[in-house]
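Work out the full structure, taking the sequences as your base and the hints as a guide.
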Amino acid sequence: MSVTSVTSAGPSTVLREARIPGDGMYEGRRTLRRLPKGWEERPYELFEVVPQARTIGAEIRGADLSRPLPPALREELNRALLEWKVLFFRGAHLTSDQQRDFAGNWGALETNPLLAAGSSDDVVRFDKGDGAVPTYENVWHTDVTFRERPALGAVLQLREVPPFGGDTMWADMAAAYDNLPREVKERVDGALAVHDFIPGFARFYGPERLLPHQDLLPPVEHPVVRTHPETGRRMLFVNASFTTRITGVDRDESDRLLRFLFQQAHVPEYQVRWRWQPGDVAFWDNRATQHYAVGDYGSERRIAERVAIEGDRPF
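Residue numbers (our numbering): 145 to 459.
Everything labelled a hint here was simulated from the structure, so no lab data went into it.
Warning: the hint list may mix true and false statements.
[Unchecked claim] Simulated restraints on C-beta separations:
(1) GLY392 - ASP359: 54 to 64 angstroms
(2) ALA261 - ARG205: 45 to 55 angstroms
(3) ARG211 - GLY166: 22 to 32 angstroms
(4) GLN407 - VAL438: 14 to 24 angstroms
(5) PRO195 - MET169: 35 to 45 angstroms
(6) ARG198 - SER156: 33 to 43 angstroms
(7) ARG445 - ASP265: 19 to 29 angstroms
(8) PRO351 - ARG160: 48 to 58 angstroms
(9) TYR188 - SER210: 13 to 23 angstroms
(10) ILE164 - ASP208: 50 to 60 angstroms
(11) ASP394 - ARG198: 35 to 45 angstroms
(12) GLU397 - SER210: 49 to 59 angstroms
As the structure is a prediction and not an experimental result, all values here were calculated from the model.
Glycine included, C-beta positions come from ideal geometry on N, C-alpha and C.
Structure follows, in structure tokens:
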């Protein structure tokens, strides 16, 4: 068998075209700023803070959530929430009433008629395994943005943990906004977007379940970029579960822009991932984050209870 060799006539003098699809996310340095500009960082005196990622997520050690919170402890926990956006408490093992009481330190509790209730209407119970309703929390989303006043935050406890998988991830949407290209920021600053509960729930509920709520939960508009009411931080506030279009923009262009904005939660540098143990509690700022429940545990059972806190109208 003969082999024919091909030799180059010489080095290329023109670099060939290297084109990749537009509107993507590419490698490079990202700005990872945990705190708002001008924020005064002070030491914590009542518990230990153990960071879990660069800008988002900290484990809190030494705070007892099962007892009423003294004002000073509530103030420090709120500061930690603003600075870290999601707080983790290992092995808290709260009763449903204790979980409700803890969340109640931040405001009135929210009910959600579209989700299964636990011991009371303001406790949502997620019981997953063989035969469970196949709800799909494994999508990046911010809770209940289809309401005029989306939740301030939520307190989630894992009652039963599968032997593998079932982690939850959170994304820092202030970091996501900080790193948007300048031309995208110019397009979305001041823009409004429509949010609707139908797209997020129609994936696993039929019309007969959704129709009774349709008139009670009409579509609402929120800023594409909201301002945090306590820190003043600018944050991206659209999500793939409930944001349907950008107001006043051609549908094709709106879809294209929203797809790009939805991608921002997928950047690992903006994320924290928590591996649950039974009795763990997570408390997150729903105004500043998106989250994703990883659905990798098959038919194994995973039981969680969530209490949500009523929020304010985004601006």
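Right, here's what the structure says about each hint:
1. A hinted range of 54 to 64 angstroms for the beta carbons of GLY392 and ASP359 is inconsistent with their spacing of about 25 angstroms.
2. Between ALA261 and ARG205 the C-beta distance comes to about 32 angstroms, which lies outside the given range of 45 to 55 angstroms.
3. For ARG211 and GLY166, the Cβ-Cβ distance of about 55 angstroms falls outside the hinted range of 22 to 32 angstroms, so the restraint is violated.
4. Between GLN407 and VAL438 the CB atoms are about 18 angstroms apart, so this pair conforms to the stated range of 14 to 24 angstroms.
5. In this structure the supplied range 35 to 45 angstroms is violated for PRO195 paired with MET169, their Cβ-Cβ distance being about 25 angstroms.
6. Between ARG198 and SER156 the CB atoms are about 41 angstroms apart, so this pair conforms to the stated range of 33 to 43 angstroms.
7. At roughly 24 angstroms, the beta carbons of ARG445 and ASP265 sit within the given window of 19 to 29 angstroms.
8. The beta-carbon spacing between PRO351 and ARG160, approximately 53 angstroms, falls within the hinted interval of 48 to 58 angstroms.
9. At about 20 angstroms, the beta-carbon gap between TYR188 and SER210 stays in the expected band of 13 to 23 angstroms.
10. Look at ILE164 against ASP208: about 52 angstroms separates their beta carbons, and that is inside 50 to 60 angstroms.
11. Between ASP394 and ARG198, the C-beta spacing of about 37 angstroms keeps the proposed range 35 to 45 angstroms intact.
12. As the Cβ distance of GLU397 to SER210 is approximately 51 angstroms, the hint placing it in 49 to 59 angstroms holds.
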